Amino acid sequence: GNSIVAALKFSAALLTGSSAMFGEGFHSVGDLINQLALFIGIKRGTKQSDRRFPFGRGKERYAWNLVAIMIVGFLGGITALHGFRAIVDGHIPDYLEKDKIVFSAGAISFSSFWIVQFVLGASLLVEGYTLWVAKKVVWKQKGEKSLWKYVHQSSDPTGYAVLFEDIVAVFGIFIAAAGIWLTASTGNAIFDGIAAMCVAALMFGTAIFLGRIIMVLIAGRSSAELEGEIAQFIQGHPSVERVHRISTEIRGAGVISADVWVEFKEEAIFHHISNGFQKSPLDTPRAVVEATYGHVTGLVDTLK
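Heads up: the sequence shown begins at 147 in our numbering, then just goes up one per residue.
Hints are computed from structural coordinates only; laboratory data are not their basis. Quantities reported herein were computed from a predicted structural model and do not represent experimental measurements. Ideal placement from N, C-alpha and C gives every residue a C-beta, glycine not left out. Take these hints with a grain of salt, some might be off.
[To be verified] Label-pair restraints from in silico Cβ distances:
| # | residue 1 | residue 2 | range |
| --- | --- | --- | --- |
| 1 | R198 | L449 | 26 to 34 Å |
| 2 | S157 | K193 | 34 to 42 Å |
| 3 | S393 | E413 | 21 to 29 Å |
| 4 | T192 | F355 | 24 to 32 Å |
| 5 | S149 | E290 | 33 to 41 Å |
| 6 | S157 | G202 | 42 to 50 Å |
| 7 | W278 | L449 | 37 to 45 Å |
| 8 | V213 | A324 | 29 to 37 Å |
| 9 | E387 | G223 | 53 to 61 Å |
| 10 | I364 | F220 | 18 to 26 Å |
| 11 | D196 | F220 | 27 to 35 Å |
| 12 | G267 | F379 | 50 to 58 Å |
| 13 | D196 | L271 | 40 to 48 Å |
| 14 | F220 | V283 | 24 to 32 Å |
Whole structure, please, built from the sequences with the hints as guidance.
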């Protein structure tokens, strides 16, 4: 969808000289690159663990996300510069000449103004459809959680990254349309350049917002929700005295490591080893230690 939209927007920008359409073209290219990077990250991040990567390569997904976000920010800078230059240089887009024919096929001909309208309408349809698809996926993933809570607890940024990009893309189309409409209505080309700079601001905002979330995941954010579930589960075991500490770290999409410090009930362990549940006789101190250690190890395995 973004490939088609980007091609349409750049074609319209070349035919009409609209800075807003030029900015929207880079916006769609940024979305395309971001989604390609997300795809590469998914493929590489799901590789099996080995000796070099004992915990897998889940964080590589986040690294590719970060690369894509940086590219989106760079393209936003190009868009802002183009819009600023259009304002300073007093660039006049061709679509102000509504009767100027720039494309003709037999009896059918299009002016610059109607080419812009057609491309914006087609872009809105495509972006609206992809937004609808992304919304369905994210709503299925988040379940009963609020969107804000889901974003800040999820270990997989792929779904909501695409969702936010599509929301911003739809807003960008409306901003471009408003700038073009104001330029065509007033004859003042400054609105076209302002629209391009507003689109650039949207790209910057998206990059900063997603970048902050990805950086936290790369740094190894904990999962407070999972820590609470682990504590509740372990504390319910009849041999557990109390849970001293739980430390978790997100290592990839759906991959979380946890270190748990547990104190077992001494009477439960004593009851087990003093009532002959172990196979070997307790005739030496070493036998008592081994029986205790074996029982505790078995309890740990049960909790895991």
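Hints and how they fare:
The given range of 26 to 34 Å is respected by R198 and L449, whose C-beta atoms sit roughly 30 Å from each other. Distance hint check: the CB atoms of S157 and K193 are about 39 Å apart, consistent with the given range 34 to 42 Å. Range check, S393 to E413: Cβ separation about 28 Å, and the 21 to 29 Å hint holds. Between T192 and F355, the C-beta spacing of about 25 Å keeps the proposed range 24 to 32 Å intact.
Taking 33 to 41 Å as the suggested C-beta distance range, the pair S149 and E290 conforms, at roughly 35 Å. Judged by the Cβ atoms, the range 42 to 50 Å given for S157 and G202 holds: they are separated by roughly 43 Å. Here the CB-CB span from W278 to L449 is close to 44 Å, well matched to the stated 37 to 45 Å. For the pair V213 and A324, the beta carbons lie near 32 Å from each other, so the given range of 29 to 37 Å is met.
Between E387 and G223 the beta carbon distance is about 58 Å. The supplied range of 53 to 61 Å therefore holds. For I364 and F220, the hinted distance range of 18 to 26 Å is satisfied, since their beta carbons lie about 19 Å from each other. Between D196 and F220 the beta carbons are some 34 Å apart, a value that agrees with the proposed interval 27 to 35 Å. At about 54 Å, the CB distance of G267 to F379 agrees with the hint of 50 to 58 Å.
Distance hint check: the CB atoms of D196 and L271 are about 45 Å apart, consistent with the given range 40 to 48 Å. Between F220 and V283 the beta carbon distance is about 27 Å. The supplied range of 24 to 32 Å therefore holds.
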